Amino acid sequence: MGTWRETLIGCIAAMAVCCAGCGGSNQTAPTPSNPQQATSAFRTTFGENPVPFRASGCNASVPQGWYTTVQLQETSGVAFRPNALVQKLDGNAASFLDESFNSRFGACSGAAFEAGVIPANGAACASVGVCTASTFSSYQFQISGTDANGHTITYDSPMLQLGAR
Amino acid sequence: MGDRGSSVGRASRHVVLFVGCCLVASLAHAQKLTIQGDRFAIDGTPKFLTFISYFGAMGAPNVIQDLHFLKSVGFDGVRIWPNLDTGPQLMNGDGSLRPDGLDRLLTILNQARQERLVVDVTFTYEHVPGLTPAVALIGIVNATNALRSYDNLLFDIQNERNVTDRRFMSEEDVGRIYRAVKAADPARITTADNSLGQDWGPQYATDFTARLGLDVVAFHESRGPQWYLPPFYQSIVRTMKAAGRPVYLQEPNSTRDSTYTANDRADYFLRAIVSAKLAGAAAWCFHTLLGADFRTGLPFLEDRLRAYPEPEWAFVNSLIPRVILRTANGVNYVVPEGGGGAGVRADRSIAGPGSWEIFSVTNEAGGPLVSGDHVAFATADGKHFLQATGGGGSTLTAAGTSIGSWETFTIERAGGGPIRHGETVTLRANDSSWYVTADRGGGGGVSANSASKGNSEAFTVLFASPHSSDVVPGQLPFGTPVLNPKRPIRQSDPK
Numbered sequence: 024m025g026t027w028r029e030t031l032i033g034c035i036a037a038m039a040v041c042c043a044g045c046g047g048s049n050q051t052a053p054t055p056s057n058p059q060q061a062t063s064a065f066r067t068t069f070g071e072n073p074v075p076f077r078a079s080g081c082n083a084s085v086p087q088g089w090y091t092t093v094q095l096q097e098t099s100g101v102a103f104r105p106n107a108l109v110q111k112l113d114g115n116a117a118s119f120l121d122e123s124f125n126s127r128f129g130a131c132s133g134a135a136f137e138a139g140v141i142p143a144n145g146a147a148c149a150s151v152g153v154c155t156a157s158t159f160s161s162y163q164f165q166i167s168g169t170d171a172n173g174h175t176i177t178y179d180s181p182m183l184q185l186g187a188r
Numbered sequence: 055m056g057d058r059g060s061s062v063g064r065a066s067r068h069v070v071l072f073v074g075c076c077l078v079a080s081l082a083h084a085q086k087l088t089i090q091g092d093r094f095a096i097d098g099t100p101k102f103l104t105f106i107s108y109f110g111a112m113g114a115p116n117v118i119q120d121l122h123f124l125k126s127v128g129f130d131g132v133r134i135w136p137n138l139d140t141g142p143q144l145m146n147g148d149g150s151l152r153p154d155g156l157d158r159l160l161t162i163l164n165q166a167r168q169e170r171l172v173v174d175v176t177f178t179y180e181h182v183p184g185l186t187p188a189v190a191l192i193g194i195v196n197a198t199n200a201l202r203s204y205d206n207l208l209f210d211i212q213n214e215r216n217v218t219d220r221r222f223m224s225e226e227d228v229g230r231i232y233r234a235v236k237a238a239d240p241a242r243i244t245t246a247d248n249s250l251g252q253d254w255g256p257q258y259a260t261d262f263t264a265r266l267g268l269d270v271v272a273f274h275e276s277r278g279p280q281w282y283l284p285p286f287y288q289s290i291v292r293t294m295k296a297a298g299r300p301v302y303l304q305e306p307n308s309t310r311d312s313t314y315t316a317n318d319r320a321d322y323f324l325r326a327i328v329s330a331k332l333a334g335a336a337a338w339c340f341h342t343l344l345g346a347d348f349r350t351g352l353p354f355l356e357d358r359l360r361a362y363p364e365p366e367w368a369f370v371n372s373l374i375p376r377v378i379l380r381t382a383n384g385v386n387y388v389v390p391e392g393g394g395g396a397g398v399r400a401d402r403s404i405a406g407p408g409s410w411e412i413f414s415v416t417n418e419a420g421g422p423l424v425s426g427d428h429v430a431f432a433t434a435d436g437k438h439f440l441q442a443t444g445g446g447g448s449t450l451t452a453a454g455t456s457i458g459s460w461e462t463f464t465i466e467r468a469g470g471g472p473i474r475h476g477e478t479v480t481l482r483a484n485d486s487s488w489y490v491t492a493d494r495g496g497g498g499g500v501s502a503n504s505a506s507k508g509n510s511e512a513f514t515v516l517f518a519s520p521h522s523s524d525v526v527p528g529q530l531p532f533g534t535p536v537l538n539p540k541r542p543i544r545q546s547d548p549k
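So the protein lines, in turn, are chains A and B. Per our numbering, the first sequence starts with residue 24, numbered consecutively. Per our numbering, the second sequence starts with residue 55, numbered consecutively.
To be clear, the hints were calculated from the coordinates, so they are not data collected in a lab. A quick note: this is a predicted structure, and the numbers were derived from the prediction, not measured. Just so you know, even glycine gets a beta-carbon here, dropped at the ideal spot from N, CA and C. Not one of these hints is a red herring.
These stretches of chain A come out as covered by chain B in the derived footprint (C-beta under 8 Å, 3 or more residues):
| hint | region |
| --- | --- |
| 1 | 72-85 |
| 2 | 115-122 |
| 3 | 126-140 |
| 4 | 144-156 |
Okay, the calculated beta carbon distance ranges per label pair:
| hint | chain 1 | residue 1 | chain 2 | residue 2 | range |
| --- | --- | --- | --- | --- | --- |
| 5 | A | Glu137 | B | Ala296 | 57 to 63 Å |
| 6 | B | Gly384 | A | Ser160 | 24 to 30 Å |
| 7 | A | Ser79 | B | Gln252 | 45 to 51 Å |
| 8 | B | Arg170 | A | Glu137 | 31 to 37 Å |
| 9 | A | Gly100 | B | Ser459 | 39 to 45 Å |
| 10 | B | Asp524 | A | Gly114 | 43 to 49 Å |
| 11 | B | Gly436 | A | Ser79 | 18 to 24 Å |
| 12 | B | Lys236 | A | Ser79 | 53 to 59 Å |
| 13 | B | Ser523 | A | Thr177 | 44 to 50 Å |
| 14 | B | Gly384 | A | Asn106 | 24 to 30 Å |
| 15 | B | Ala468 | A | Gly186 | 41 to 47 Å |
| 16 | A | Ser79 | B | Ala296 | 46 to 52 Å |
| 17 | B | Asn199 | A | Ser79 | 53 to 59 Å |
| 18 | B | Leu283 | A | Ser79 | 31 to 37 Å |
Extracted from the complex, chain A is given alone in its bound form:
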């Protein structure tokens, strides 16, 4: 019995990793504190991908750049508490995009938002990208945090392709 249970858990874990991979994103293996309990998983949907470079409308002080909306959906029914956000340009963490998750992500249209939490099966939304006169070709965000079952998770979003300038 013990062998069967271990095999089943292993299969579930492998499927979770596969599903995350299917979305074009990467989710690191959760900390095995409660391996029998479900783990937060995410699906990212960009408003447009690739996103074109726009000459205006990025933010109030830097009008030009690449920007679009994103919805970060929790899909496995486990609430998640993010504690770090890293935004990457061309694969490298961009220090000039250092922000907290709560400064960037909020409620999706028409939904309630609890700061610092992505509810089970809930979503957080944001405007993402970069306002700049420089040239980049991709954007990606990474969130880290802990889910309601105590798993420590780091999730990398799919790449957002930045259109030619």
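Starting from the structure of chain A, add chain B where the hints point.
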């Protein structure tokens, strides 16, 4: 019968109760214009008032929508001419009030009361055939009696009474009418304006006001090339404040008047109004003639203003400033978490897209921002305000849902003066000694618990809305101001 009578009685009581509730609700919503020394006050609180010329209100086909729009963009009041001949007129030539004109005026005033707008009711006897200054006294007293229940008005007995054409009204006539108005309604704030571009004009207006005991110095100032600059306003306002009454600058330079210079861009008007406020004026009017005649042309005042990106639409969009607070590290902005309703951070990146870092500012002092004003910051979700928990000494959140003492901050800059684009300011929780402070000067949390001001308590104000060209030297260029915020589709007024 007994049952029926009882039923009728109950119904009557319900009707009375309902009407009473409506009355109480209406009065609770109304605002009261008074005078405190040389300032106007709204519901007992002194406030610099920003008016707009809306002379043709009596003939405006969508006055409900017009007034709602004007309030929504930040005007405090309108200046109307109820005897203007571009619409129904209030008075007959014998001084009696025309029922249709009075109905129309009451509609305007009721709507203004609903919107909490002040109305400058300026009479122009010359527009009514047969009306003379002597008969105008009867008409204005009739209007005084008819409008006694309105607390949000002031009367101007005669527009440009000193101009020696058909507008002229002698000092004696003005005095007689003023005394008659006060006899009918002692509480009615009443003045009569003078239009004098000469150097001695302000002194004349001051003396005139003092001799007659008028409540307000209402003045149409010189429209020379310096009309918008601080020295000009300091000179005329200082002179007129000697009367000890509110100085109301009722007709500064008008927009696109080909006779005069410096009226083609909002920038002039933005500089004029801040000059007026700093000089100590009590009120200032944005003088445009787009609302003078609605017999032809666009039916909504908003569309008329929008049709002129400069100066009208840019000026209109400047009245409720939308600002960004940049932290001392130069790379982060203050931002409400999730756009509002939760905590506040000071780590929004200047390179990140979006607009959560933009706050709409309500200035309780009225008019453009100057050092020492009490302000509130509305968040991007349109539902919340920055709030100093406990009134200061604790956290800063964006959880306030209305403006109270916890949502009020004193904005200050070194040396005082206008809060310009790029100005470094501090924010103090209301009148407390607690300053808003960004952890490590930005990039982290923010709270309202600093007992002293230093680098971490310094924030740079960047305007996202149209602002004066008088900016802090050395500021980098800023994005194009947003001139056309989306507005709901309007319905025409019910006919």
